[in-house]
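All chains should be modelled from the sequences, with the hints used to inform the complete structure.
Residue numbers for the sequence shown follow this note's numbering, so the first one is 241 and each next one is one higher.
Think of the hints as simulated: they come from the structure by calculation, not from any bench.
Owing to the predicted nature of the structure, the values given are computational and were not obtained by experimental measurement.
Do not take every clue at face value.
Said to hold, decoys possible - Now the in silico label distances, taken between C-beta atoms and shown as ranges:
| id | residue 1 | residue 2 | range |
| --- | --- | --- | --- |
| 1 | GLU255 | ILE526 | 19 to 29 Å |
| 2 | GLY419 | GLN339 | 30 to 40 Å |
| 3 | ASP396 | ASN253 | 17 to 27 Å |
| 4 | SER531 | LEU423 | 12 to 22 Å |
| 5 | LEU350 | ASN253 | 52 to 62 Å |
| 6 | GLU344 | ASP420 | 50 to 60 Å |
What the hints assert, rightly or not - Mimicking DSS-like on lysine-lysine, the simulated pairs with C-alpha atoms at most 27 Å apart in a straight line are:
| id | residue 1 | residue 2 |
| --- | --- | --- |
| 7 | LYS372 | LYS273 |
| 8 | LYS397 | LYS273 |
| 9 | LYS421 | LYS397 |
| 10 | LYS372 | LYS397 |
| 11 | LYS273 | LYS421 |
Just so it is clear, CB atoms sit at the ideal spot from N, CA and C, and this is done for glycine as well.
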Amino acid sequence: MGTQVTVTVTAENEEIGFIHIEEALAEIRAVEKRISSWDPDSETSAINAQAGIRPVPISRELFSLLSRAVQISELTSGAFDITYAALDTLWRIDGSMAQIPDREDVAAVLPLVGYRQLVLDREAQTAFLPKKGMRISLGGIGRGYAVDRAKDRMLDKQVPGGTINAGGDITAWGTRVTGDKWLLGISDPLNIGQVLKWIPLIESSVSIVRANSQFVRRGETSYGHILDPATGFPVPGIQEVTVLARTAELSDALATALCVLGPERGIRLIEYLGDTEAIIVDSDGIMYWTSGLELDRE
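Written out as C-alpha cells, the structure reads:
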C-alpha cells in the first residue's frame, strides 16, 4: 500500500503480542496483494487490463468491495469514484510529472471517468470497464478495508484490544492493557500542538486525510494528490479531513469524498448519514465539524 502500518495490541506477554502483530500485518499484506492496482497479478489489475475488451471473473470478496464502493459513490453524488484512476495517466504527483496537464488533455480523459460505467454482473460474478483506457483504483477505500480485515483477524484470535493505523486509516477495539479507552486527539490547526478535544475510540474507526500531503508545485500553485472526478483536477481549498465511522472502510472512503465536496456539502452529508462525525479544515485553517463532536475553540 506504500504506507507505514502500525499495530498495537494488548496481550498476556510480549511474545504473544508480537505474534498477533505479525498476523495483523500479514492480513494487510494479503489484502494488498489481492486488490492493489499496483500489483500486476491482482484482480484489480486484470479488470484494468481488460478494459474495453471483456468482463473479468472476480472473487466474491472483490465483487462485494466494488459493490460497496459504487454504493458510496451514489451516496456522495460521485465525489468518491474508483474510476478516477484513468486520470493517473495525466497526474503523477510522485514527482515524475514534467508539466501540469492542460484543460484539453484532462477533458479528453474525463469520458473514461464515471462509476456508473462500471458493469458489475452479480450472477456471472464479473466486473467490466466498457471503454479502453478506463481504470479503477481502490486507493480511497482499500486501506480502510485492509485495516478492517486485520481487525477482524485479531477479533477471531480473541485479541482483547488494540489499534491498527495504516497511513491515517485507524481502527480500535477493546481497551488499553490498563483498561483505559483508546483516545484520538483533535488538533487545533491554528495552534500547533494544542489538542481541542480527546475523543474515545470505542469499537470505531477514523480516517485522516491531508489533501496536500503529496503534491507538486508549479510556480506559486501546489497541486495535491486527491482528484475531483468531475473536473479531473486536484481539489483546491482543503487542508485536512477527519472522519469517524463504524468501519475504517467507510471512514476512508468518506474522507476522500469530503475533500472533494468541501466544507458545507461535506458536513451536511455526514449530518444526514448519522452515526458518523467529521472535521474539515480548509486551506485558511478554518475548521468545520459535525454537531456530535461539540468542539470548543475558545
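Inset, instruction - Kindly indicate which numbered hints from before are broken by the structure, ordering the numbers from low to high. - result: 1, 2, 10 and 11
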